[in-house]
Amino acid sequence: MEKLKLKEKIGYGFGDFASSMFWKMFGVYLLFFYTDIFGISAAAVGTMFLVTRIFDGINDPIMGIIADKTNTVWGKFRPYLLWVAIPFGIFGVLTFTTPQFSTSGKIIYAYVTYCLMMIVYTAINVPYASLMGVMTSNLKDRTSLASYRFIFAFAGSILVLATAEPLIDYFTTISDSNDKQQAWQYTMIVYALIATGFFLGTFYLTKERIRPPRDQKTAIKKDLKNLAKNKPWFVLLAAGVCSLIFNSIRDGSAIYYFKYYFENQDAFLLPVLEIAITFSTLYLVLGQAANILGVILAKPVSDKIGKKNTFIGAMLLASFLSCIFFFLGESDTILIFAFQILISICAGIIFPLLWSMYADIADFSEWETGRRATGLIFSSSSMSQKMGWTLGGALTGWILAFYGFEANTIQTEATKTGIRLMMSFLPAAGALLSAFFLIFYRLDDKLMLDINRDLTTRKNNSNSIS
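Count the sequence shown with the numbering used here and you get residues 57 to 522, in order.
Keep in mind that the hints were calculated from the coordinates and are not lab data. Do not take every clue at face value.
[As the list claims (entries may be wrong)] For each label pair, taking beta carbons as the anchor points, the in silico distance ranges come out as:
#1 Ala485 <-> Lys125: 38 to 44 Å
#2 Asn516 <-> Lys59: 16 to 22 Å
#3 Pro143 <-> Lys59: 32 to 38 Å
[Claimed, not checked] In silico DMTMM-like cross-links for lysine to aspartate or glutamate, where the CA-CA straight-line distance does not exceed 25 Å:
#4 Lys59 <-> Asp359
#5 Lys162 <-> Asp92
#6 Lys287 <-> Asp506
#7 Lys472 <-> Glu462
#8 Lys315 <-> Glu386
#9 Lys285 <-> Glu424
Just so you know, even glycine gets a beta-carbon here, dropped at the ideal spot from N, CA and C.
Please model the entire structure based on the sequences and the hints provided.
If you want it as structure tokens, here you go:
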């Protein structure tokens, strides 16, 4: 069994560096951009998120099926990194572009551009996620590959969170009329160029090794029927959705928390550039750095106690710490940042485990049914992300509206309480549900080793016969 080289692990990580730059822009800044810059209401954005992301979630399994049916000299999944990288960047810029339309015209524009962005996001990210399932069948290499992926993912997120507000301030300052709308567009152009380059890097540095069984023919109905009977898939899908609700609510409300709950927004001033670093930037960057620490811890901890136990323990601890967060006030700045670090470590631990477990489910499905549908199974992981992100994003917009949020004004105490709930008890409920669902996941490491050995024996026998 060929072991992956460091260059290929890094190359695979490049893809999530690119993807996470956009994911973090959408998760942290898009709601704020639409309400405070673009100029539409929080309730309208919440509804738009729900409608467009439900539509987008349906696209994930469709894209998985398309990728599974793709056959090129580059493999099934790598070609999409080449074909979709440039459209990915273009639609990202259009999403953060403000047209000079009426309010209804802006809402239509937001629906169209965001929907197209999500289609393109699916077209490149479902194949990218599936690629991990065909690069290696080594269980420890998979966890290692997932860890590299998420180290780069959080590095991409850190780049965005550390530079977005300073870049926006810079482009606003150099524009003739201090145009913030144009500054957001220019900032997104910078990120689009970087993301496109990194996706192309993943295409050139990776290789597909695992092929479907030689006698396997395309049978979409059969693959869907097999998936419908795959209980571990349903369990992991539910756990993944809830973990994304946990993360998306915390991320989406952070900007509002520091803009409207903290009276003083600036943490410190960069001495040479004279750019103010805000509490929100510092909070989010520290969170992403802590996520990376969690990713690094995932492999050694899961090697000792198993993926399932590691996942459940991390989510339970994150839920408990999030509940305490509600009782911290503006004067508890150090504690706020300390809890952000601890909660983010817990969140970071689960992500490489999720993707590694989806690869295990692809193996389990082949072992149980004799058919391999890697793209279809991995599309479910993307779908769980989208569903969790959908519910979390919609809830964030609706809760803001429910508590009477009005952009760019002083908020009432009720509104501030709602924002604090979105930083504490609401995401805590998502983390708790995620841990609960994973109790029913039965593919432990011992079973997967047995499955892996059996599949290897089958393939060796098949090769000797042919």
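Against the structure, the hints:
1. Ala485 <-> Lys125: 38 to 44 Å: Holds, at about 39 Å.
2. Asn516 <-> Lys59: 16 to 22 Å: Check passed, 18 Å falls within 16 to 22 Å.
3. Pro143 <-> Lys59: 32 to 38 Å: holds (34 Å)
4. Lys59 <-> Asp359: Measuring from Cα to Cα gives roughly 18 Å; hence the hint holds.
5. Lys162 <-> Asp92: Holds. Lys162 to Asp92 sits at ~13 Å (cutoff 25 Å).
6. Lys287 <-> Asp506: holds (19 Å)
7. Lys472 <-> Glu462: holds (11 Å)
8. Lys315 <-> Glu386: Within the cut-off at roughly 12 Å; holds.
9. Lys285 <-> Glu424: It holds: about 10 Å lies between the C-alpha atoms, which stays within 25 Å.
In the structure shown, no violation is registered for any of the earlier numbered hints.
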